[in-house]
Amino acid sequence: MDGAVPLFRMEGISKRYGGVRALEKADLEVTAGSIHAILGENGAGKSTLIKTMAGVVAPDEGRMTLDGREVSFASPAAANQAGIVCIFQELSLVPELSVADNIVISDPPKRFGMIDRKAQRQIAEEALARAGASDIHPRALVKDLPLSRRQMVEIAKALARKPRILILDEATSALTAADVAKVFEVLKRLRAEGLALLYISHRMNEIAELADHCTVFRNGRNVASYPAGSKSDNEVVELMIGREYSHIFPPKPVAAPAATPVLEARNLSWADRLDNISLSVKAGEVVGLGGLDGQGQRELLLAFFGVLRGLRGEVLIDGKPASISSPRAASDERVGMALIPEDRKTEGLMLPMTVRENLSFAALDRLAKGGIIDRAAEQRLIDDMVGLLAIKTAGLDIPVGALSGGNQQKVVIAKWLMRQPRIILLNDPTRGIDVGTKQEIYQLMRKLADAGAAILFYSTDYDELIGCCDRVLVLYDGSVKRELVGADITEHALIASALNIHGDGADMKQGAGA
Amino acid sequence: MKDWRYLLAEQRGALLALGIFIVMFIIYTTNHPAGFTANVVQTAANKGVLLAFVAMAQTLVVITAGIDLSVGMILLLTNCLASWLVVGTPLETTLGVIAVLAAGLVCGAINGAIVIYGRLQPIVATIATGAVYYGIGLLLRPFPGGSVNEDLADALTGKLFDVIPTSLVALLIVVLVVWVPFSRSEFGRAAYAAGSSETAAYMSGVPIRRGKFIAYALAGLLASVGGLFLTFFTYTGEAAYASGNAYTLFSIAAVVLGGVSLFGGKGSAIGAIFGALAFRTIGDLLFVFDFDPLWQPLFQGVILLIAVSLGAFALFRVRNRLEWFL
Chain D
1 MDGAVPLFRM
11 EGISKRYGGV
21 RALEKADLEV
31 TAGSIHAILG
41 ENGAGKSTLI
51 KTMAGVVAPD
61 EGRMTLDGRE
71 VSFASPAAAN
81 QAGIVCIFQE
91 LSLVPELSVA
101 DNIVISDPPK
111 RFGMIDRKAQ
121 RQIAEEALAR
131 AGASDIHPRA
141 LVKDLPLSRR
151 QMVEIAKALA
161 RKPRILILDE
171 ATSALTAADV
181 AKVFEVLKRL
191 RAEGLALLYI
201 SHRMNEIAEL
211 ADHCTVFRNG
221 RNVASYPAGS
231 KSDNEVVELM
241 IGREYSHIFP
251 PKPVAAPAAT
261 PVLEARNLSW
271 ADRLDNISLS
281 VKAGEVVGLG
291 GLDGQGQREL
301 LLAFFGVLRG
311 LRGEVLIDGK
321 PASISSPRAA
331 SDERVGMALI
341 PEDRKTEGLM
351 LPMTVRENLS
361 FAALDRLAKG
371 GIIDRAAEQR
381 LIDDMVGLLA
391 IKTAGLDIPV
401 GALSGGNQQK
411 VVIAKWLMRQ
421 PRIILLNDPT
431 RGIDVGTKQE
441 IYQLMRKLAD
451 AGAAILFYST
461 DYDELIGCCD
471 RVLVLYDGSV
481 KRELVGADIT
491 EHALIASALN
501 IHGDGADMKQ
511 GAGA
Chain F
1 MKDWRYLLAE
11 QRGALLALGI
21 FIVMFIIYTT
31 NHPAGFTANV
41 VQTAANKGVL
51 LAFVAMAQTL
61 VVITAGIDLS
71 VGMILLLTNC
81 LASWLVVGTP
91 LETTLGVIAV
101 LAAGLVCGAI
111 NGAIVIYGRL
121 QPIVATIATG
131 AVYYGIGLLL
141 RPFPGGSVNE
151 DLADALTGKL
161 FDVIPTSLVA
171 LLIVVLVVWV
181 PFSRSEFGRA
191 AYAAGSSETA
201 AYMSGVPIRR
211 GKFIAYALAG
221 LLASVGGLFL
231 TFFTYTGEAA
241 YASGNAYTLF
251 SIAAVVLGGV
261 SLFGGKGSAI
271 GAIFGALAFR
281 TIGDLLFVFD
291 FDPLWQPLFQ
301 GVILLIAVSL
311 GAFALFRVRN
321 RLEWFL
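Chains as they are written, first to last, in our numbering: chain D, 1 to 514; chain F, 1 to 326.
Please note that a few of the clues may not be correct.
What follows is a set of in silico ranges between Cβ atoms, one per label pair, in the way DEER data are often shown [what the hints assert, rightly or not]: (1) F:121 with D:114: 27 to 37 Å; (2) D:75 with F:161: 28 to 38 Å; (3) D:205 with F:2: 33 to 43 Å; (4) F:4 with D:130: 18 to 28 Å; (5) F:301 with D:181: 16 to 26 Å; (6) D:451 with F:11: 47 to 57 Å; (7) F:162 with D:109: 40 to 50 Å; (8) D:129 with F:8: 24 to 34 Å; (9) F:2 with D:129: 15 to 25 Å; (10) F:142 with D:361: 23 to 33 Å; (11) D:387 with F:8: 48 to 58 Å; (12) D:109 with F:7: 45 to 55 Å; (13) F:9 with D:181: 25 to 35 Å.
No lab work stands behind these hints: they were computed from the structure. Beta carbons: idealized from backbone N, C-alpha and C, even for Gly.
The following block holds chain D by itself, in its conformation from the complex (with noise of 0.2 Å):
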């Protein structure tokens, strides 16, 4: 950083919401022509920090300043004039729009008074292409878009703005390997190009391949500021959660679990996304589901849990044939399956309800008598939910969108819980949660199959398959192409039979790299 004139500065910024205080004199440099990365866990604050840059909140005190002079942004589009574009955790397209609409939205090309929609799909081409996503139709809604592509829409967008300063919060986190490879080439492009780009992510390995600086956040503070490669993972974890850190995951059984399957699929086809699958889990036995993103392992879950009509084959529930056909016919008690969504905000929690009444809604049936709810039971409950997983909330009775992207995975998590499943299948629980929720996601979970459950898990990122599950289904394009049991589950082995490579010795340095 030393000799760099900064393009951006901000000193002394502070944010208070209520009692809490989200950022305390706050300090940060951004240069020119670098990739600057943001860590923290969730609540350090980092959020607050980049909607300060981005003028969606203003900072209670402090100053901010561009090329030497001080500025201050009323709204996300002033924020952009000056060249600072963010690309949010959360989506921020207009999902009934097509994509070209969507790239030019904050500024459509106009002819005559009216927008040039000639002009306009020439722009969201070129966007699209600048970000490696040419494939995407610039008509196509973004509603039918997969949430990869929708990302990928994202970072076109932004780049369509012309920024100066590029923000990155989690924008790889719904991405494929394939995206985040064509998205790092951009970026590094981009700062050839003189742009200044900070990036917050939740992945040491991408911050490693990419960051030229860090930055680590705490409690609202700038902790400590050093050059990407200086430091070890190890000593950046423990900077971001300020204690020792170790043994991120819990250890596996070494004893071999019971030998009954209680949830079974032969034969499981579904329209092209599923294809002929075959799997078991057992009692006490953690099976993950790896494999890129997209290959149906989101389906094979939906199926499961009867949400997809037309299901072709068979599930066994305790090695006798089920049909179920609907989410509440598989959180019956005798099936017993739980399904955590993807995404906690539309399919996982009613944002405006309070926790409470997130945390009753799936166990209702069991908590009503003739009908009513009954309340001293439905507390005990939940007062046992709250405990176990240490959700952190100022009540039971707030919004649960006032929660953190942690805690608020925890509620939807618990709200299974409160009905004792025996079947839980997880569908990318971790992802965009802070390192510590993540830990204790991962303790939870061999707890619960410590405790007779079977547990069917998906997850995107690698290091979590390898360290919670006893085996590895790899799916690709909708069938189980590999299966990987014990001390066989490792980087290379899921990476390369993701890609659907043979063999294990030479192939494989390619399919790491892609």
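Given the coordinates of chain D, work out where chain F should sit on it, guided by the hints.
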């Protein structure tokens, strides 16, 4: 996918409404004693465009994920106003027309200001303003009466070259002058964006407030065009409460029939126009089949239910149940 397939998907709602309308209209004309003649078309057009204007007005607001329960009352108010002002010499008549349209625009702007800057729920705000507009209309015309420049009225409700109903031409012009520029402007897009996801729109720096405000204001303007035409057809002004409410409710039905989503962000005024025409034809159908008038509302309701259900057929093809809720 090819471009045209996306285009087709975008216009699906409007095309479905057009299809429903054409089928109904063919059934209507083939069973009409006079058959498919210019006069039959003219009568049908004159009845249809009134609802079409109101449905267009409703569309603008529904796109922003709001609803305007005052459109029918703006129609009545401007009808009463026109029965006073649109009279006399050509100059006076012109000024009268301008005054009536301006009144509609102001009514719409008031709705917009209350909903957007006052942050009231659209449904409540427009029930209240609707009652106010009706009240003013009633003060203007306590009893049915008044008159209108009959030359202008006859010209706009007659036929062009003895074939084309002038009211349809007027509808087309309004579409070209109001709807097309709006839908292609930055504000039109802001209205769609706000209706689809207001937070995403805000985060993207979209001028949400102006977009919504213009949508409400133009809705008032379009309702007043409807009010003008009502005066041209009837030569009088009348603050008929039941008729105002009927227009409001029918406009919502027409909008849904035309493929406009009540959740906002989706649909077009073109679809709503066909929805309105189809809705009107339902009423006419019962007439040509000589139904007992007592049965008409019941049958009209049933046919409307069937027509609206057509748009939901796609749900049978959904194989992932989560898509039901999108």
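Hint by hint, here is what the structure shows:
Against the hinted window of 27 to 37 Å, the Cβ-Cβ separation of residue 121 of chain F and residue 114 of chain D comes to about 32 Å, which satisfies the hint. In this structure the hint that residue 75 of chain D and residue 161 of chain F lie 28 to 38 Å apart at CB is violated, the actual value being about 54 Å. In this structure, residue 205 of chain D and residue 2 of chain F meet the distance hint of 33 to 43 Å, their C-beta atoms being roughly 40 Å apart. Checked against the hint of 18 to 28 Å, the pair residue 4 of chain F and residue 130 of chain D passes, with Cβ atoms roughly 27 Å apart.
A hinted range of 16 to 26 Å for the beta carbons of residue 301 of chain F and residue 181 of chain D is inconsistent with their spacing of about 58 Å. Here the CB-CB span from residue 451 of chain D to residue 11 of chain F is close to 56 Å, well matched to the stated 47 to 57 Å. The beta-carbon spacing between residue 162 of chain F and residue 109 of chain D, approximately 45 Å, falls within the hinted interval of 40 to 50 Å. Restraint check, residue 129 of chain D to residue 8 of chain F: a C-beta distance of roughly 26 Å satisfies the suggested window 24 to 34 Å.
Distance hint check for residue 2 of chain F and residue 129 of chain D: the Cβ-Cβ separation is about 19 Å, which falls inside the suggested range of 15 to 25 Å. Separated by about 55 Å at the C-beta atoms, residue 142 of chain F and residue 361 of chain D break the suggested range of 23 to 33 Å. Separation of residue 387 of chain D from residue 8 of chain F is about 56 Å and conforms to the stated range, judged on CB atoms against 48 to 58 Å. The given range of 45 to 55 Å is broken by residue 109 of chain D and residue 7 of chain F, whose C-beta atoms sit roughly 20 Å from each other.
A C-beta distance of roughly 31 Å is found between residue 9 of chain F and residue 181 of chain D, which places it inside the suggested range of 25 to 35 Å.
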